[in-house]
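Position chains Z and S against the provided structure of chain D, taking the given hints into account.
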Amino acid sequence: MKIIKKKIAIDSKGQVEFTDITDKVEDIVAHSGIREGQVLIYSPHTTASIVINHNESMLLQDFMRVLYRLVPVSDRYSHDLFELNRSKTSDGRSNGHSHCKNMLLGVSQTVPLEKGKMMITERQSIFVAEMDGPRKRDIIVQIMGL
Amino acid sequence: MKIIKKKIAIDSKGQVEFTDITDKVEDIVAHSGIREGQVLIYSPHTTASIVINHNESMLLQDFMRVLYRLVPVSDRYSHDLFELNRSKTSDGRSNGHSHCKNMLLGVSQTVPLEKGKMMITERQSIFVAEMDGPRKRDIIVQIMGL
Amino acid sequence: MKIIKKKIAIDSKGQVEFTDITDKVEDIVAHSGIREGQVLIYSPHTTASIVINHNESMLLQDFMRVLYRLVPVSDRYSHDLFELNRSKTSDGRSNGHSHCKNMLLGVSQTVPLEKGKMMITERQSIFVAEMDGPRKRDIIVQIMGL
Numbered sequence: 001m002k003i004i005k006k007k008i009a010i011d012s013k014g015q016v017e018f019t020d021i022t023d024k025v026e027d028i029v030a031h032s033g034i035r036e037g038q039v040l041i042y043s044p045h046t047t048a049s050i051v052i053n054h055n056e057s058m059l060l061q062d063f064m065r066v067l068y069r070l071v072p073v074s075d076r077y078s079h080d081l082f083e084l085n086r087s088k089t090s091d092g093r094s095n096g097h098s099h100c101k102n103m104l105l106g107v108s109q110t111v112p113l114e115k116g117k118m119m120i121t122e123r124q125s126i127f128v129a130e131m132d133g134p135r136k137r138d139i140i141v142q143i144m145g146l
Numbered sequence: 001m002k003i004i005k006k007k008i009a010i011d012s013k014g015q016v017e018f019t020d021i022t023d024k025v026e027d028i029v030a031h032s033g034i035r036e037g038q039v040l041i042y043s044p045h046t047t048a049s050i051v052i053n054h055n056e057s058m059l060l061q062d063f064m065r066v067l068y069r070l071v072p073v074s075d076r077y078s079h080d081l082f083e084l085n086r087s088k089t090s091d092g093r094s095n096g097h098s099h100c101k102n103m104l105l106g107v108s109q110t111v112p113l114e115k116g117k118m119m120i121t122e123r124q125s126i127f128v129a130e131m132d133g134p135r136k137r138d139i140i141v142q143i144m145g146l
Numbered sequence: 001m002k003i004i005k006k007k008i009a010i011d012s013k014g015q016v017e018f019t020d021i022t023d024k025v026e027d028i029v030a031h032s033g034i035r036e037g038q039v040l041i042y043s044p045h046t047t048a049s050i051v052i053n054h055n056e057s058m059l060l061q062d063f064m065r066v067l068y069r070l071v072p073v074s075d076r077y078s079h080d081l082f083e084l085n086r087s088k089t090s091d092g093r094s095n096g097h098s099h100c101k102n103m104l105l106g107v108s109q110t111v112p113l114e115k116g117k118m119m120i121t122e123r124q125s126i127f128v129a130e131m132d133g134p135r136k137r138d139i140i141v142q143i144m145g146l
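Chains as they are written, first to last, in our numbering: chain D, 1 to 146; chain Z, 1 to 146; chain S, 1 to 146.
Possibly wrong hints are sitting among the right ones.
Listing some non-contacts, in silico: residues in chain S with all C-beta distances to chain D over 12 angstroms [as the list claims (entries may be wrong)]:
| hint | residue |
| --- | --- |
| 1 | K6 |
| 2 | K7 |
| 3 | I8 |
| 4 | S12 |
| 5 | A30 |
| 6 | H31 |
| 7 | D75 |
| 8 | N85 |
| 9 | R86 |
| 10 | S94 |
| 11 | T121 |
| 12 | K136 |
| 13 | G145 |
Where chain Z lies over chain D, by a calculated footprint (3+ residues, C-beta under 8 angstroms) [stated by the list, open to error]:
| hint | stretch |
| --- | --- |
| 14 | 31–38 |
| 15 | 41–55 |
No wet-lab data here; the hints were simulated from the structure.
Glycine included, C-beta positions come from ideal geometry on N, C-alpha and C.
Next up, chain D with everything else stripped away, as it sits in the complex:
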């Protein structure tokens, strides 16, 4: 069995933003030499998720609007008071809503491989879903297999 691990650096510009990393993950898979197995795309962050869905710009707006509606930025979050009180040692962001969105979407996705390629279909893209940008993020791509 072979295990390969790489990082993908993300530099988000907006507060909530979907970045398509499909090509980058495909490259890592292609260079891994692994033909059968799985690729794990993992976000080692508490306010950035991994999502697999259709890369259509108006749909991405829908995703953001649904997330805003389910976990409104305008609500009060207890965590924001915590961040306020420790702002000397933290970045003091009011990002309670970002953590809650992250809890709903999760921090990883796993995709099976076949003959050296991810088994994603034509309409599936892999996104980093930034919930608290702009920020720099490192996403981990790990491939296990034969």
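Chains Z and S only, in chain D's frame:
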């Protein structure tokens, strides 16, 4: 290490529908000869998810009602305008809501194995959660282990 | 390839409760002798989830409040009638809401390993998210790798 991969064909009848595939996944696990490891159940689709929960018909109604309430079909989705405008090359479905539900539920589940069996307990069933039926779907079951 | 499997016993006190099991999972990883690979944290239950996020007590209140708002305990759930009618053979809990929350959060998380340690960052903790406590739970930790 051994890696086995099979497909399960789904033919959904309703718009939102939960199909129990536990027996089919169990069969694939039993025939794989793999005793320890994991099974990945993966939906290569942007409007169909994999869910593990209790197969009780009234609870499935609750699941659908919660999904309808969180992401109402009756809302406007920008993606629906996109589909309308390109209806010559697409199937023109107003399925923005289906993509959003899929984003919330995700496209895969992973279950550990023990002595050749999935470690699901009595009340756990594995479902394909159709969000944009009726449609034909191919679900991928991949087993990795020893 | 090596595969190690252990259980973590949880004894929740509240109805909805987040229990941090990061240290316990780290111990299992450290004793496994596996240096590269993955750890799967799996809940074999229909009303308890696994969540990775920041362990900050006011944020945990936000998580619970968001879950209560998205899937209110005070709504009617068809499943509760089912449980009522079969109360001789079940525990008769009105836990439709717990199953729905579990559907949204999922039953597992996968974390990659590097040099014998989980690649979680400073702010990430691993939680069992109890949705229908108080209850005893057994969480499965499975490590696959080299």
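A quick look at each hint next to the structure:
1. In this structure K6/S is separated from chain D by more than 12 angstroms, as the shortest Cβ-Cβ distance comes to about 20 angstroms.
2. Every beta carbon of chain D lies more than 12 angstroms from that of K7/S, the smallest distance being close to 22 angstroms; the non-interface claim holds.
3. No Cβ of chain D approaches the Cβ of I8/S within 12 angstroms, the least distance being about 19 angstroms, so the stated non-interface status holds.
4. No Cβ of chain D comes within 12 angstroms of the Cβ of S12/S; the nearest lies about 18 angstroms off, and the non-interface call holds.
5. Every beta carbon of chain D lies more than 12 angstroms from that of A30/S, the smallest distance being close to 18 angstroms; the non-interface claim holds.
6. Once the 12 angstroms rule is applied to beta carbons, H31/S is consistent with being away from chain D; the minimum gap is 20 angstroms.
7. Separation of D75/S from chain D is adequate, the least Cβ-Cβ distance of about 16 angstroms exceeding the 12 angstroms criterion.
8. A cut-off of 12 angstroms between C-beta atoms confirms that N85/S is not in contact with chain D; the least separation is 32 angstroms.
9. The beta carbon of R86/S sits about 31 angstroms from the closest Cβ of chain D, which is more than 12 angstroms, so the claim that it is off the interface holds.
10. The non-interface label for S94/S is consistent with chain D: the shortest C-beta to C-beta separation is roughly 24 angstroms, beyond 12 angstroms.
11. Residue-level check failed: T121/S sits 4 angstroms from the nearest beta carbon of chain D, not beyond 12 angstroms.
12. In this structure K136/S is separated from chain D by more than 12 angstroms, as the shortest Cβ-Cβ distance comes to about 24 angstroms.
13. For G145/S, the shortest C-beta to C-beta distance to chain D comes to about 7 angstroms, within the 12 angstroms cut-off, and the non-interface label is violated.
14. Counting residues of the stretch 31–38 of chain D whose beta-carbon sits less than 8 angstroms from any beta-carbon of chain Z gives 3, enough to reach three: the coverage restraint holds.
15. Given a C-beta distance limit of less than 8 angstroms, the hint that chain Z covers the stretch 41–55 of chain D holds, as 4 residues qualify and 3 suffice.
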